[in-house]
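Colleague: These are the residues of each chain, in order.
2 protein chains.
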Amino acid sequence: MGTRRGTNLPRMGDFNQAVILESIRRSADGVSRIELAEATGLSAQTVTNITRRLLGDGLVAEAGRAINGPGKPRVILRLVADSRFSIGVHLDPAVITLVLLDLSGEVVQQRVVRTNENDPRRLVEVIAQAVEGIVADAGVDRERLAGIGVAVPGPLDADRGTVIDPPKLHGWHRVPLRAVLSERTGLPVVLEKDTSAAAAGELWKGTGPADDTFVFLYLGTGIGAALVMRGDVITGASGNFGEIGHIVVDPDGALCGCGLRGCVDVVCTPQAIVEEAEREGVLLDDREGNDVEAVDARFTELCDRTRAGDRQAGQLLRRAAVHLSVLISALANLLDVDRIVLGGPLWSRLEPICLRELPALIDARNVTRAVRPMAVDGTIVGDDVGAVGAACMVLDAVLTPRASDLFLAE
Amino acid sequence: MGTRRGTNLPRMGDFNQAVILESIRRSADGVSRIELAEATGLSAQTVTNITRRLLGDGLVAEAGRAINGPGKPRVILRLVADSRFSIGVHLDPAVITLVLLDLSGEVVQQRVVRTNENDPRRLVEVIAQAVEGIVADAGVDRERLAGIGVAVPGPLDADRGTVIDPPKLHGWHRVPLRAVLSERTGLPVVLEKDTSAAAAGELWKGTGPADDTFVFLYLGTGIGAALVMRGDVITGASGNFGEIGHIVVDPDGALCGCGLRGCVDVVCTPQAIVEEAEREGVLLDDREGNDVEAVDARFTELCDRTRAGDRQAGQLLRRAAVHLSVLISALANLLDVDRIVLGGPLWSRLEPICLRELPALIDARNVTRAVRPMAVDGTIVGDDVGAVGAACMVLDAVLTPRASDLFLAE
Numbered sequence: 001m002g003t004r005r006g007t008n009l010p011r012m013g014d015f016n017q018a019v020i021l022e023s024i025r026r027s028a029d030g031v032s033r034i035e036l037a038e039a040t041g042l043s044a045q046t047v048t049n050i051t052r053r054l055l056g057d058g059l060v061a062e063a064g065r066a067i068n069g070p071g072k073p074r075v076i077l078r079l080v081a082d083s084r085f086s087i088g089v090h091l092d093p094a095v096i097t098l099v100l101l102d103l104s105g106e107v108v109q110q111r112v113v114r115t116n117e118n119d120p121r122r123l124v125e126v127i128a129q130a131v132e133g134i135v136a137d138a139g140v141d142r143e144r145l146a147g148i149g150v151a152v153p154g155p156l157d158a159d160r161g162t163v164i165d166p167p168k169l170h171g172w173h174r175v176p177l178r179a180v181l182s183e184r185t186g187l188p189v190v191l192e193k194d195t196s197a198a199a200a201g202e203l204w205k206g207t208g209p210a211d212d213t214f215v216f217l218y219l220g221t222g223i224g225a226a227l228v229m230r231g232d233v234i235t236g237a238s239g240n241f242g243e244i245g246h247i248v249v250d251p252d253g254a255l256c257g258c259g260l261r262g263c264v265d266v267v268c269t270p271q272a273i274v275e276e277a278e279r280e281g282v283l284l285d286d287r288e289g290n291d292v293e294a295v296d297a298r299f300t301e302l303c304d305r306t307r308a309g310d311r312q313a314g315q316l317l318r319r320a321a322v323h324l325s326v327l328i329s330a331l332a333n334l335l336d337v338d339r340i341v342l343g344g345p346l347w348s349r350l351e352p353i354c355l356r357e358l359p360a361l362i363d364a365r366n367v368t369r370a371v372r373p374m375a376v377d378g379t380i381v382g383d384d385v386g387a388v389g390a391a392c393m394v395l396d397a398v399l400t401p402r403a404s405d406l407f408l409a410e
Numbered sequence: 001m002g003t004r005r006g007t008n009l010p011r012m013g014d015f016n017q018a019v020i021l022e023s024i025r026r027s028a029d030g031v032s033r034i035e036l037a038e039a040t041g042l043s044a045q046t047v048t049n050i051t052r053r054l055l056g057d058g059l060v061a062e063a064g065r066a067i068n069g070p071g072k073p074r075v076i077l078r079l080v081a082d083s084r085f086s087i088g089v090h091l092d093p094a095v096i097t098l099v100l101l102d103l104s105g106e107v108v109q110q111r112v113v114r115t116n117e118n119d120p121r122r123l124v125e126v127i128a129q130a131v132e133g134i135v136a137d138a139g140v141d142r143e144r145l146a147g148i149g150v151a152v153p154g155p156l157d158a159d160r161g162t163v164i165d166p167p168k169l170h171g172w173h174r175v176p177l178r179a180v181l182s183e184r185t186g187l188p189v190v191l192e193k194d195t196s197a198a199a200a201g202e203l204w205k206g207t208g209p210a211d212d213t214f215v216f217l218y219l220g221t222g223i224g225a226a227l228v229m230r231g232d233v234i235t236g237a238s239g240n241f242g243e244i245g246h247i248v249v250d251p252d253g254a255l256c257g258c259g260l261r262g263c264v265d266v267v268c269t270p271q272a273i274v275e276e277a278e279r280e281g282v283l284l285d286d287r288e289g290n291d292v293e294a295v296d297a298r299f300t301e302l303c304d305r306t307r308a309g310d311r312q313a314g315q316l317l318r319r320a321a322v323h324l325s326v327l328i329s330a331l332a333n334l335l336d337v338d339r340i341v342l343g344g345p346l347w348s349r350l351e352p353i354c355l356r357e358l359p360a361l362i363d364a365r366n367v368t369r370a371v372r373p374m375a376v377d378g379t380i381v382g383d384d385v386g387a388v389g390a391a392c393m394v395l396d397a398v399l400t401p402r403a404s405d406l407f408l409a410e
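Chains as they are written, first to last, in our numbering: chain B, 1 to 410; chain C, 1 to 410.
Among the hints, a few may not be true.
Unchecked claim - Just so you have them, the derived chain C footprint on chain B, three or more residues with Cβ under 8 Å: (1) 40 to 52; (2) 228 to 241; (3) 247 to 257; (4) 330 to 343; (5) 368 to 382.
If you're looking for bench data, these hints aren't it; they were derived computationally from the structure. Glycine included, every Cβ here is placed at the ideal spot set by N, Cα and C.
Please model the entire structure based on the sequences and the hints provided.
Modeller: If you want it as structure tokens, here you go:
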């Protein structure tokens, strides 16, 4: 029987340091020690001690003085953005995206690698070389690298750091990606599901409150969900939170391999939408490849035609929006969140129709309408939210106060 | 923009005290100070200081000495069960259940009140009198009462402590139940959704690890879900976690008022199952009332006949189990839990067929099967899990360490 662990002074010190650092990071124009004490509830003495340590470590710098009413001008503290960096890698079936973020969360270097490499060891080598590449291009000191975050399609085994039979990565079976990549690069590696990484990125770069609560719906080759509850990404018991492929969104929809009809996997994915367009004659049924790129090009065609006013294409995408609204409502009503954030590689193309159609559809299905409306937002991170989120997770481990970090180690 | 709050020494002291008290509570045969230090990671000195305080408050007592190898015999500490009590109230459409729990979580007094009272003020008076009644019957000192936990059907407004238009409580609209009941009884009142209260009870009385992760599926007049993630009940942003009435479990099912077909609300509730039995001629179509009791009696008849070997009734309930398995799989795959716990007033009747049918059905739909099997358990609390859970929530506030309690108040 597990028992909860207690806490002690060193843990408390680390936690308060993370609270202060987060508070400085989130202040756009810098912040004074007095403001930090007010915002965090910590004593002036504690704030002074912690900021001295942060200044010593070079994570924070003094940046002028602010005159604010009578009394001594206050010294303003700011984050030193180039004091630490992290690397984010998004492993997608078609493309590997890498980003290098500085401590403020800005992307300072980006690289896209297209490969047909399915062999896990060789793919790790491709990733490792790309990592070396962006670090060299950016001219960043290796000692300033906090680590590598890798976002992968699920399922994964978070405890072991292994990727298990991801449906779209052929030849992968229980690949110990975390250990192999860490050994090859000599850097700490964090492995996370792509959807949860995206939510971490949204939370980290977001302008919402520190205790923001939202569902992140990731629209890519597959559709997945992630949950941020009061400022924490809920990753589930095994790191596999958010498998929603077999939630029924259209009782009249296509038969799914699972035995149901109209599941997310056979109705909402770009492949499903493109196939339906071909069946209904909205798109010509002459597509040669069935690979991710060929489907993606067709999906772009549908979106472009809708924007240009094509009635048939518009109807089809509006139906897709209805299906998404059923899914989103099921998630929002179950998870009791304040808002929905949509993102992922498909988002920029679906944004116009989704932001027009979804709010009213979701409001009609909101069972807690009497408590609060359900906001529908697009991601503020962009198409690379998976890679950016993976890098944010690494910064997060350095920067963000986690209540669980207070507990004594077993 | 919200900022996370820091922590300080007094907060740390309270937290560690809760960790120690929980550890003593969860030890069946008592525990020594040395074992407490090992289990919690706290220093011997800290454990000694905290247990001195707990002894002084009468929450814990010394209970003999254990000889364990060479060296001085160790003093065993045990919880003093009758040092604190709490009251749990489950407000159900048909019946109000009240329980009085001692600090060990044992039910020392129980009372059921049947009322057709729909007027909120008069219903609060009925509850208040029943509370006075069980406290008097048990002969418990008022100073030892920690408070009242009330489990209500959602939706509710947790911040305001109000019940909002619960679908089955006619005449209720934004009733400030927490404030009114607290004023009337002079006791602190905690208001929680019935499903989340049930999960709290399961967690509190359970034998699982302190960081247990499970979905609790509440089977009553309505069907609801609750989530326990690493030992914390996740109640959602507004206290309304677990609204699952419009998740589609049978694409061929009846049309729902929401526009979909085969939603939980029109397929899985006892009313839906009884109506289907009547439509198919499994039950006579001569039911006079459509109230909760009449439906409940019919549902019992179906379960009894299934147990007696009636083929038609058995087929109908097996189909209900299939629908439940679709729901449970959707929840388990989304929420990434280690196990499913079923409970609520219907559970004892459905247990035989569910425990026979569900595990294989759920395993077949488990998308993280490669990581771990999905366990299916019945509640260990029993039919009164709503009321017991509501009382546990009050004890919980006294006893259970919450990381969030470490944060400084705003």
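Colleague: The structure should be examined with respect to each hint, and the outcome stated for every one.
Modeller: Hints versus structure:
no., hint, in the structure
1, 40 to 52, "holds (count 5)"
2, 228 to 241, "holds (count 11)"
3, 247 to 257, "holds (count 6)"
4, 330 to 343, "holds (count 8)"
5, 368 to 382, "holds (count 4)"
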